[in-house]
Amino acid sequence: MISIKNLLKSYDGHIALNHIDLHVDKGVIFGLLGPNGAGKSTLVSILNGLTAFQEGTIEIFGMDLQKNLKAIRRRSTFIPQSLALYENLSVIENLRFFAGLQNINGPALRDSIEYAISVNQLHPFIEQKAATLSGGQKRRLNIAIGLLNKPEILYFDEPTIGIDPESRGEILSTIRSFKEDNKTVIYTSHYMDEIEKICDEAAILDHGNMVDQGRLETMLQGTKNQSAVIELVFSSRLQLAQLVQTVTDVKVIDDNTLLLEQQDSTKMAKLLTALEEEKLPIKQIRYQSVSLESLFISLTNRKELNV
Amino acid sequence: MFKAMLIKEFILVMRDKHALAALFIMPSIFILIMSMALKDTFGSDRALLQYVLIDQDQTSMSREIARAFEESKILREYEETVADHEQLQRALNNELHFALTIPKGFTAQLAAENPSSLLHLDVASDIRQEALSLFQGELTSILMRLRMETMLKELKPLLGDRGDAPGKDFFSTDTRVQIHFNGMETGQIPTSTQQSVPSWIVFGMFFIIIPMSTVFINERKQNTLMRMHAMNISIPTLFAGKIIPYMIINQIQVCLMVAVGIFIVPLLGAEALTPGNSITGLFLVSMGLSIAAVGTSVLIAVSASTIEQATTIGGLVNILLGAIGGIMVPKFFMPPIMQSLANFSPMSWGLEGFLDIFLRGLGPKDVLLESLALTGFGTALLLLAWLVFDHKIKRGV
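Chains A and B, in that order, are what the protein sequence lines are. Following this note's numbering, the numbering of the first sequence begins with 1 at its first residue and continues without gaps. Following this note's numbering, the numbering of the second sequence begins with 1 at its first residue and continues without gaps.
Wrong hints could be hidden among the right ones.
Pairs of lysine to any residue, SDA-like flavour, derived with a Cα cap of 20 Å [claimed, not checked]:
1. B/394 with A/12
2. B/394 with A/214
3. A/70 with B/236
4. B/365 with B/380
5. B/394 with A/197
6. B/392 with A/66
7. A/70 with B/390
8. A/150 with B/233
9. B/394 with A/14
10. A/197 with A/209
A few chain A residues facing chain B, derived, Cβ under 10 Å [what the hints assert, rightly or not]:
11. 82
12. 197
13. 285
Hints in this document: simulated from the structure, not taken from any laboratory. Note that CB positions come from ideal geometry on N, CA and C, so glycine has one too.
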């Protein structure tokens with residue numbers, strides 16, 4: 001469905017995308033992960049024909065992007081990070097305006113608007129001005145506008161920035177639901193938990209380079225060990241700071257939480273003994289697979305994603 | 001605490017380039033332009049008003065009047081030939097301000113109390129009252145001096161050094177000059193409403209720079225324009241979608257301002273506006289002005305990075321074009337170099353077009369040049385805006 005070969009994009013002497021290869025199949029929810037400035041938004045912009053590139057080829061729906069841009073755009077949609085809508089128009093006026101731009105008229109207009117509204121649960125707000133909607137509702141309207149042409153490919157550029165956890169959850173499940181309709185989604189984010197939650201496949205970009213890509217489970221299985229989170233009933237940061245010096249691979253998360261990386265039974269036994277000696281009762285121990293975050297850190301040697 | 005607040009406020013203002021431009025650069029430029037425009041207006045060494053003198057009397061006295069005119073420091077003889085009535089009308093529609101005809105037999109009756117032969121003064125209809133008064137004052141002074149000399153010559157043998165002081169009417173030009181404003185009926189005079197409304201219509205139309213660029217920049221910053229672009233909307237379509245509504249808004253502005261001049265101004269005790277005889281001519285000029293104003297707005301909108309920048313630049317451009325273009329100061333008050341500069345301001349073209357319709361009673365043919373110039377100017381700016389916007393889109397700015 002999307003095939004990128006040897007893509008190079010540079011401007012003002014800076015390489016934004018360094019000979020990227022990427023393949024995304026139909027019906028896949030694909031995550032593009034990377035810190036700010038990694039090249040995610042540039043890649044999405046290129047895929048939508050909004051930014052030119054210097055080298056490489058891009059095929060979408062089996063068509064060359066540069067030669068068939070208009071036809072490709074008619075079958076895809078771009079949902080920008082910012083709220084690309086009109087605050088002084090109502091929900092329905094916004095939808096009618098953007099449908100009009102795409103020459104969607106008559107019965108098709110009614111169908112498209114109904115589809116966009118129902119997917120995003122905007123029925124109760126259709127007559128409301130966009131300015132009066134909550135942050136989450138505005139985000140859903142932003143997505144609804146992108147659904148008017150019933151696209152086969154949806155490009156989302158960090159759609160959950162600045163919204164509350166509840167709305168974020170709703171938006172993520174909406175995006176996940178596109179899989180049922182066999183739609184392809186390209187989802188950029190620097191929130192790794194979001195990528196883990198909704199994506200089938202992912203690519204990690206760093207400074208314009210593709211550092212890893214593939215099915216998410218495969219990528220995570222690459223690192224064998226698990227980590228464990230130990231929550232304590234009570235403790236102090238000072239006690240924990242002294243304790244981590246005695247056991248390797250232990251990190252202090254907060255005053256009551258420790259993280260044991262690459263845990264094994266020897267390390268765990270040693271930590272439990274140390275906790276007992278310090279008379280620190282354990283509330284619970286959670287074992288977790290290696291997260292995308294730890295994979296990202298190991299691949300890019302960064303301490304944090306938002307660098 | 002208060003000191004900290006003061007320091008913070010100064011730092012913020014000093015770091016705000018647009019505030020600095022609005023506070024310091026704009027007034028400085030404005031002062032420079034206005035000073036240049038008004039330079040020598042009240043000085044005595046600059047000829048402000050252009051005239052032609054048509055001497056049908058051909059006496060030594062009429063030649064004396066011509067010589068006195070030549071010596072006047074505020075009058076300047078019109079350089080082009082004015083051979084017939086048609087040429088005179090054309091000249092009055094352009095740069096000539098006054099045409100004074102000395103009829104046959106005028107100087108013979110110079111000393112008479114109720115002369116039958118009157119001076120005939122043709123006045124360009126866009127001449128403001130201040131300029132007319134200035135000319136009348138100069139004319140009065142010349143006539144008074146010559147009349148005094150004539151009378152003294154006649155009376156000297158009889159009165160010697162004695163004689164009554166002349167009465168008020170003796171000096172007045174009112175009883176000796178018949179004034180006719182070009183393009184108007186005899187006895188009809190242009191009102192301040194007639195002269196000022198066109199200026200404010202032009203000025204008001206260019207104010208669409210502010211709302212138009214604000215909306216445009218908001219759309220750009222919110223990526224709404226990028227979204228439209230991703231929906232296969234081309235730049236010309238995008239521009240057309242903005243230009244047409246704002247041109248309609250401009251036409252509504254013109255209708256509203258003309259209506260205010262016709263219906264509201266008289267309620268406040270001033271003369272009503274008379275809209276001239278050519279709706280087509282009025283439409284041509286206002287459409288040309290609209291294209292020029294919209295072109296300026298779109299260029300500013302695509303070039304500016306922020307709304308603050310656009311409103312500062314927009315306000316500055318509007319005031320400067322107005323100051324240069326004769327909106328705030330009539331062009332004939334300006335020095336020659338500023339008058340030449342005024343010819344580059346689209347506001348000046350628009351103003352001339354409106355004056356042709358409102359004051360000079362002219363029609364579509366006469367405003368075609370101004371309308372085409374305005375349309376060309378606006379189109380050129382729109383094309384430039386297209387190039388700038390296309391470049392920005394390709395760079396992903």
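Handout entry: Numbered hints the structure breaks, given as an ascending list
Key = Hints 2, 4, 5, 10, 12, 13 not satisfied by this model.
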